[in-house]
Amino acid sequence: MNAFLNHFSFEFRTGIRNRTLLLMTYLFPLVVYVILGALMTGVNPMFAETMIPAMVIFAILSSTLLSLPDVLVTARNAGIFRSYRINGVPAVSILIIPALSALLHLVVIAAIITVTAPIVFDAPLPVNWPGFVLIFLLMVSGCASLGLLIGVVSSSSQMTVLGGQAIFLPSMILGGMMMPLSMVPDASARIALLLPTTHAMNAFRGLAHNLTPDFDPLWSVIILLLGTVLAFGLAIYLFTWDSSDPRQRKRAPLALLALLPYVVGTLLLG
Amino acid sequence: MNEVVVEVTDFRKTYGDLVAVDDITFEVHRGEIFGLLGPNGAGKTTTLECLEGLRTPDGGWLRVADIDPTRQVRQLRNLMGVQLQTSALPANIRVDEVMNLFCAYHNVPPRHDLLERLDLTEKRSAQYHELSGGQQRRLALALAVAHDPRVLFLDEPTAGLDVASRVALHDLMRELQAAGTTIILATHDMAEAEEMADRIAILLRGKIAATGTPLEITASGAGLSKVTVRTRGACLTKPGVTFPAVDQTLFNDEYAVYYSTDVGPTVSAIIAYIEAENDTLIDLRIERPSLEDRFLEITKTGGAR
Chain A
395 MNAFLNHFSF EFRTGIRNRT LLLMTYLFPL VVYVILGALM TGVNPMFAET
445 MIPAMVIFAI LSSTLLSLPD VLVTARNAGI FRSYRINGVP AVSILIIPAL
495 SALLHLVVIA AIITVTAPIV FDAPLPVNWP GFVLIFLLMV SGCASLGLLI
545 GVVSSSSQMT VLGGQAIFLP SMILGGMMMP LSMVPDASAR IALLLPTTHA
595 MNAFRGLAHN LTPDFDPLWS VIILLLGTVL AFGLAIYLFT WDSSDPRQRK
645 RAPLALLALL PYVVGTLLLG
Chain B
5 MNEVVVEVTD FRKTYGDLVA VDDITFEVHR GEIFGLLGPN GAGKTTTLEC
55 LEGLRTPDGG WLRVADIDPT RQVRQLRNLM GVQLQTSALP ANIRVDEVMN
105 LFCAYHNVPP RHDLLERLDL TEKRSAQYHE LSGGQQRRLA LALAVAHDPR
155 VLFLDEPTAG LDVASRVALH DLMRELQAAG TTIILATHDM AEAEEMADRI
205 AILLRGKIAA TGTPLEITAS GAGLSKVTVR TRGACLTKPG VTFPAVDQTL
255 FNDEYAVYYS TDVGPTVSAI IAYIEAENDT LIDLRIERPS LEDRFLEITK
305 TGGAR
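Taken in order, these protein sequences are the chains called A and B. All the letters of the first sequence, read from the start, carry residue numbers 395 to 664 under the working numbering. All the letters of the second sequence, read from the start, carry residue numbers 5 to 309 under the working numbering.
Excised from the complex, chain B in its bound form (with noise of 0.2 angstroms):
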């Protein structure tokens, strides 16, 4: 995985007096899935249409595969694959023909199985236009790894897919790492990226604010861990029992809800006091801040720590 694939170095994009993405500087490795987040007009898009050869950057240098994309496009085509944000395919054309038009521009064999592995076997003879939202997303994603790319550049993968379809493409990308491909996803869907990404960008009007693993990121907020307990005595219930550490108490039903700032010594806490209470643990759940909770609190505080 220390083989470097993706660089991108302070790189610059504007578009007249708008900088879209200002000097950000990340590398991803081989076999890397890489997760680029951000709210809508963070600069993903561009970072991902420069990194394409779809753009020229104003600043910075950029390699893929060391690969320069602005000035040596066709070297990149045959080792990277993508798929775009928003892809147009002519509308009469079908399934097959444009499987065996983009596989003959790359010079590999059709590769038909992609279409049975995405559920579009049975819409092989359908033209483009013939097809859904999520089956025309299937398609560009078919079409995207049909030549075994080195670099995959997938921008929002799973809009307008079905759980079904999600799950497949979550496999593919999983068997697609697993043989050295190095993927960068750009997505809004907080959960897949928690759930693919080795490591994350978090991008806030055009500059990096955050980056790391999804634990890494989700742990350097000011999040507060939910640590939820039960015992059979109800020795939480008594009035003025604190802990360390916690910052807000909540009971439900039965439950004693404790949000931390630091769950171990609150944990540890508890844990005591119902031994010395000679109470009886039943349950006891700790949930950290999810990686949705900790992008909310960067883009509100503007990446600020």
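Bound-form chain A, shown alone (with noise of 0.2 angstroms):
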């Protein structure tokens, strides 16, 4: 325990030290906010009612999707996680720790933003804060578990470019972010269902801002709930600790099955 504490408490330090990580984790997410903040809440008055989930949101996916997979593919390839091998950290504190890190930067940039979007743009907070809590811990752990999944299975950082970016892109547009899922054409909603940002805002919508969901927001917390377990579970499966070890290439496609939760709840909600 003393080791694992002394290893969060190291990589929570780097972290802060590391430029591009605090790049994707504070200074992108906050400018996004405040440019979205001073043009949406203009252009789409709708935007505000859900502009503190959203922007959280957006900050949880730049953090997890588009910076945790390259931290992950960095190291394996230079040979750090051989280090470590060799002095006995454990493959799972490699994938948890920088998860866990990644959850206290975002703590504070959530806190940010809750904390000055009704003063600045007028953004209603959260009626429900127990809801809204277990939402974005859920959110966090989902997209971090997918982030790992990425880092695990990518050879190199063009890859866990690709990998991201597949789930950030869609997730700007049709994730409910922008504007609700019930204003999306059908045949877009259903690919949106593929997305843990539609079920993540469904479920604040419903559960922490009482406004009205786009489908019963338990089933999105579900469905968060067995991505995440299923996602973490595959990153420590697929996990090698050297960028050389041809385990790697074969078993890669075995992400995919991360998805499972997510193309289940399509077939029952789309």
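Please keep in mind that the hints were generated in silico from the structure rather than gathered at the bench. We treat Cβ as the ideally placed atom computed from N, Cα and C, and that holds for glycine. Hints may be right or wrong, so weigh each one.
[Stated by the list, open to error] Label pairs and their in silico Cβ distance ranges: (1) A:Arg413 - B:Gln89: 25 to 31 angstroms; (2) A:Ser576 - B:Gln79: 56 to 62 angstroms; (3) A:Val428 - B:Val171: 57 to 63 angstroms; (4) B:Pro43 - A:Val501: 34 to 40 angstroms; (5) A:Arg413 - B:Asp72: 40 to 46 angstroms; (6) B:Gln89 - A:Val527: 44 to 50 angstroms; (7) A:Gln559 - B:Pro43: 41 to 47 angstroms; (8) B:Pro113 - A:Leu650: 42 to 48 angstroms; (9) A:Pro512 - B:Ala163: 58 to 64 angstroms; (10) B:Lys304 - A:Gln552: 41 to 47 angstroms.
[To be verified] Which chain B residues face chain A? A few, computed with CB under 8 angstroms, are given here: (11) Glu56; (12) Gln79; (13) Leu83; (14) Val86; (15) Thr90; (16) Ala92; (17) Leu93; (18) Glu101; (19) Phe106; (20) Tyr109; (21) Val112; (22) Pro113; (23) His116; (24) Leu147.
Build the complex: two chains, separate frames, hints provided.
This is the structure:
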């Protein structure tokens, strides 16, 4: 336990020293928050209703899908995991600790958004705080698990960008952050149900902001929870210490199984 | 020294069609420094990495302190210290942070004394990427020995080290050896192997081409010993003077230099000749072939004697 805490403390501190991580976790989401807040609240007044969860989700996506996978790939390809392995650092710690560190950074950024949005952009605060916190934690866990999985199966930084953007970009357009799912065309709405963002926004609407959800938010909670467990389990199973491990390429397609809860959700809800 | 700590029997490792290590067998005893020598691609690092549990062998039997490194990696971690050929740490981690971190995982108190010993005290607050290559090697060594391992694997430990650091490393190795640590040293540095290793194995294209003590290995070759002699009367320079087992003779200033296949009869005959000529011996030096000479001989002949 002492080793785990020591490792976590070091990971958090080195995260603060890491400019790329600071950029993707703090600067990029905050700049987008300010720009979207200034633009969208004027163009689409409904945006302000869910501005806080939308911008918190944006920060989560940026930190976990665009930053976290590259941290893993870079460390593995540089041989850092080999050094960890010979010194007894378990694979689970290598996966969990960056995710926990990201969670801590995201708590800070979520607090900044939640405190400033009502003052600066007249955005309403959540009505149900425990629900807000629960969905926040679920969304961070779900996206961090997907980010870890992308990092584990990607052979290079370029591949992590492809994997991360494959979820990030559709999330921005279809995930309910800019407009409710009910305004999205049917075909696109089915695709949107494959995204964690759609379920998180639906759950935030129904369980934290007392707005009308697009479908029963409990389904969203269940799908996010199952998605988290499956993605993290697969990340541990597919983890390799070494970039030259031949098993990595052979087993990488198994990572797609992480989408199973979302696919089932689409079939049931779409 | 009789307790076997590292056992390698019929060990084989392939990468696709390439046979990196081809059925090699050796054992290393407690408190022994065992040198693995060989040209690039000979299989040294592959052998070490399989013993360290970083790679899976394709055949044979490996044991480190009675532990199977393939299946019981966790049990091995606290018994084994490793300095990898190319080690890496997070760029932003500080020297004292990494010492704290790895010692915590080994469940031992941080060994900041080792940082002082390896001249890293001033760099305790420096981030890893701010260290020079030599400092990074020394840090890797400090981390490898911080938990007092029973077996220490060193892969090219002196690469990139200055003379003072090299001496500090050798002193540390001797201390660890005296305390009973078994050390397996893969190196290109023949002088280091000759000085430090109790026994060595020369690997060539995945096979052991020679094994034994450095003296046994150098003695087993066809290398010529160099006998350098100077006398007051220069009787050796007379034309037609020959001695038994001498393959080649050279004269350099006032010295006669003989390359002998069997140094005993050559030296006896030289001394007898000098006495018979009523001359006086001023200087006589015998230089055996070095391990490097023998290594080059083995690598040139492909290990065939």
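Going through the hints against the structure:
| no. | hint | in the structure |
| --- | --- | --- |
| 1 | A:Arg413 - B:Gln89: 25 to 31 angstroms | holds, 30 angstroms |
| 2 | A:Ser576 - B:Gln79: 56 to 62 angstroms | holds, 58 angstroms |
| 3 | A:Val428 - B:Val171: 57 to 63 angstroms | holds, 59 angstroms |
| 4 | B:Pro43 - A:Val501: 34 to 40 angstroms | violated, 55 angstroms |
| 5 | A:Arg413 - B:Asp72: 40 to 46 angstroms | holds, 44 angstroms |
| 6 | B:Gln89 - A:Val527: 44 to 50 angstroms | holds, 48 angstroms |
| 7 | A:Gln559 - B:Pro43: 41 to 47 angstroms | holds, 46 angstroms |
| 8 | B:Pro113 - A:Leu650: 42 to 48 angstroms | holds, 46 angstroms |
| 9 | A:Pro512 - B:Ala163: 58 to 64 angstroms | holds, 60 angstroms |
| 10 | B:Lys304 - A:Gln552: 41 to 47 angstroms | holds, 45 angstroms |
| 11 | Glu56 | holds, 6 angstroms |
| 12 | Gln79 | violated, 11 angstroms |
| 13 | Leu83 | violated, 11 angstroms |
| 14 | Val86 | holds, 4 angstroms |
| 15 | Thr90 | holds, 6 angstroms |
| 16 | Ala92 | holds, 4 angstroms |
| 17 | Leu93 | holds, 6 angstroms |
| 18 | Glu101 | holds, 5 angstroms |
| 19 | Phe106 | holds, 4 angstroms |
| 20 | Tyr109 | holds, 4 angstroms |
| 21 | Val112 | violated, 11 angstroms |
| 22 | Pro113 | violated, 11 angstroms |
| 23 | His116 | violated, 15 angstroms |
| 24 | Leu147 | holds, 7 angstroms |
The earlier numbered hints that this structure contradicts are 4, 12, 13, 21, 22 and 23.
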